[in-house]
Amino acid sequence: MTSDNTLFSSPKTLKTVMVIFAIFLGCLLGADFLIHPHASFTVDGWPEFNPLFGFLSGLALPVIALGLSFLVKNGK
Amino acid sequence: MTLNMPFIDIPPALIMVVGALALPILKGRLRSAWMTVLPLLALVTLLSVPNGTHWTVPFLDYQLVFGRVDALSRVFGTIFCIAAFAGSVYAMHEDYALAHTSAMIYAGSAVGVTFAGDFFSFYVFWEFMAVASTFLILARRTEKSQKAAFRYIMIHILGGLSLMAGIVLQIQETGTIAFSAIELASPASWFIFVGVAVNAAVYPLHAWLKDAYPEATVTGAVFLSSFTTKSAVYTMARIFAGTDILIPLGLAMALIPLCYAVIENDIWRVLAYSLINQVGFMIVGIGIGSELAINGVAAHAVCHILYKSLLFMSAGAVIQQTGKQNLSDLGGLFRFMPWTATFCIVGGLAMSTPYFCAFVSKSMIISAAAHEHLTLAWFILQFTAVGVFAYVGIRVPFLTFFHRDSGLKPKEAPWNMRIAMGFTALGCVYVGIHHEVLYNMLPFAADYEPYTATHVINQLQLQFFGTLAFFILLAKGLLPRLSKATFLDTDWFYAGAGRVLYVIADKVLNSVNTACDALFVKGLTGRINSFAQKAPESIAVALMSPFTHLLGKGNPSQMDVSQRVRLAFRTGTVPSGVGAFIAVLFIFLLYAVRG
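Quick mapping for you: the protein sequence lines, in order, are chains A and B.
Using this note's numbering, the first residue of the first sequence is number 1, and each one after it goes up by one.
Using this note's numbering, the first residue of the second sequence is number 1, and each one after it goes up by one.
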């Protein structure tokens with residue numbers, strides 16, 4: 001993912017960024033229990049719905065895009 | 001929002017369009033200065049004019065209105081002037097009069113469309129936009145850009161024709177040229193809808209955008225990203241607010257181009273597809289048509305112009321400095337272009353992050369969908385909001401400035417480009433923090449608070465867990481590979497239709513042409529020519545043969561007489577008395593017929 005001459009080339013820097021990101025995501029997961037859901041529909045009032053929906057959306061989109069690429073890729 | 005100052009009685013569009021005509025005459029810094037002053041003058045005029053109808057001109061039996069000023073037109077006009085100013089600063093380093101003039105006429109025409117109060121003036125400015133924007137693509141002066149510009153102007157001419165047909169029919173039906181809301185029921189309304197939908201890049205009429213924008217100049221692309229689609233959004237909001245068909249069309253715009261953005265390699269094409277995706281949000285909002293939705297559309301148009309032009313600016317700076325346009329050829333540029341990288345990150349974060357502009361606008365549209373109990377629309381909008389943040393807002397800056405060492409060592413962007421990007425980035429943050437400034441300009445009273453704890457936490461969860469998925473897939477090498485392949489879009493259909501039309505024209509029409517040539521030119525004309533040559537001889541023989549027999553000259557046979565007469569006509573040796581006799585006979589016949 002990285003090589004010698006980029007901002008994240010140092011393993012220490014990369015580890016620091018990953019730890020900060022993980023803590024941030026952990027805080028977001030915990031915050032779900034501190035707020036009132038204000039659900040628009042039933043399902044979005046479930047605990048941790050938004051993190052799960054966001055994560056699954058991030059996984060699903062490239063899968064759909066990959067499927068699309070097989071259909072529309074121009075061989076020329 | 002108006003300034004407390006005397007009303008400047010000049011249409012802002014006129015300032016920009018007429019003022020642009022001086023740009024080719026001016027040189028160097030004077031031209032750059034004039035180019036940045038024009039949109040500022042237009043903005044001051046706009047802010048000084050009160051709401052109402054201004055700058056009316058009688059024309060035939062109608063009244064042309066160049067200044068219909070209300071909240072909706074004012075908010076779009078304001079952001080157009082700001083975008084024109086930012087684009088002008090961004091383009092200051094270029095010494096290219098054609099591009100600068102075209103850009104300013106294009107921006108001014110967009111302002112003209114916004115404040116037009118009748119269909120005539122609206123259409124004139126609409127077509128000015130199409131023509132002026134074409135030159136921004138031609139200005140790149142490559143073979144690809146010429147072809148792209150040709151396709152661009154063709155599709156916009158078609159859209160313009162549809163629009164004109166609709167306007168003419170509408171005026172016939174209603175007797176008025178007033179530019180106002182129409183129900184999508186009559187043929188006139190459908191023609192107008194299609195014409196506007198082309199400019200709004202409504203699916204499946206969107207392919208021109210991803211085809212043309214990447215072929216424009218670095219500075220031209222910044223202008224292109226701001227005006228055509230947003231002026232069409234304004235027009236849709238003005239005419240077709242609450243039209244249900246816009247909801248599924250907008251959802252298709254939000255979803256399908258986003259998938260293309262994930263697989264595309266060309267950085268500008270990625271941004272072009274994401275532009276269509278975000279315009280899809282606005283189209284959905286127009287389709288919903290509630291006050292919250294229309295407020296969201298206007299607010300998101302403002303925010304989108306800010307952050308999308310920022311992304312186009314930063315991408316343009318990278319392309320200019322590196323000569324590379326594909327994400328697979330870029331990477332590790334943060335050390336060499338730190339300012340550009342920072343502004344690009346701001347543009348990416350501005351898509352959805354709290355305290356950046358689109359956080360306060362996009363969610364209005366999504367909330368409006370929830371309020372109207374449009375479950376599927378809400379889920380698709382949330383899904384695409386996550387996707388565009390992760391796969392455009394995070395992915396583009398990451399792959400361009402971090403990720404891997406591409407070996408490129410470009411210089412930082414010129415100072416004017418950095419100032420333009422900084423100004424726009426400041427706008428993204430300012431609107432995100434002081435959203436009430438934007439909300440006070442919206443068409444309806446904005447009873448919406450984006451900064452509740454629930455909303456902030458929910459949006460952060462959606463966006464950053466989506467980003468987590470992106471980084472996991474990137475680390476595992478599971479993302480669609482970036483290659484130099486091209487991907488077919490709906491323009492495949494009209495390219496195919498063009499080929500079919502060519503075959504029809506070649507085989508069928510050329511065959512008809514050949515047949516007509518044989519029948520009429522060679523066949524009929526030949527026969528007429530032959531008749532015209534032989535008729536006088538034949539008539540003369542017929543007239544003379546009785547006399548020849550009577551006179552009994554060597555008792556010649558009829559054939560001999562015929563041959564001698566024909567020979568005389570062909571060689572021009574007819575005795576003059578014969579000619580005189582025929583003339584007298586002809587005149588006598590004419591007299592007899594007339595009598």
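Treat the hints with caution; some may be incorrect.
No more than 27 Å apart at the CA atoms, straight line, and that leaves these computed lysine-lysine pairs for DSSO-like [unchecked claim]:
(1) A:K15 with B:K147
(2) B:K144 with A:K73
(3) B:K534 with A:K73
(4) A:K73 with B:K27
(5) B:K484 with B:K147
(6) A:K73 with B:K324
No lab work stands behind these hints, which were simulated from the structure alone.
Note that the coordinates shown come from a computational prediction; the quantities given were computed from them, not determined experimentally.
For each hint, the structure was consulted:
1. For the proposed pair K15 of chain A and K147 of chain B, the alpha carbon gap of about 48 Å is over 27 Å, so the pair is violated.
2. Proximity of K144 of chain B to K73 of chain A is assessed by CA-CA distance (about 20 Å); at most 27 Å being required, the pair is judged to hold.
3. Between K534 of chain B and K73 of chain A the CA atoms are separated by roughly 69 Å; this puts the pair beyond 27 Å, and the hint is violated.
4. The suggested pairing of K73 of chain A with K27 of chain B is violated, with an alpha-carbon distance near 46 Å, which exceeds 27 Å.
5. Only pairs whose Cα atoms come within 27 Å are accepted, and K484 of chain B paired with K147 of chain B is accepted, the gap being roughly 19 Å.
6. Restraint check: the Cα-Cα separation between K73 of chain A and K324 of chain B comes to about 22 Å, which is no more than 27 Å; the hinted pair holds.
The structure is inconsistent with the numbered hints 1, 3, 4, although it conforms to all the rest.
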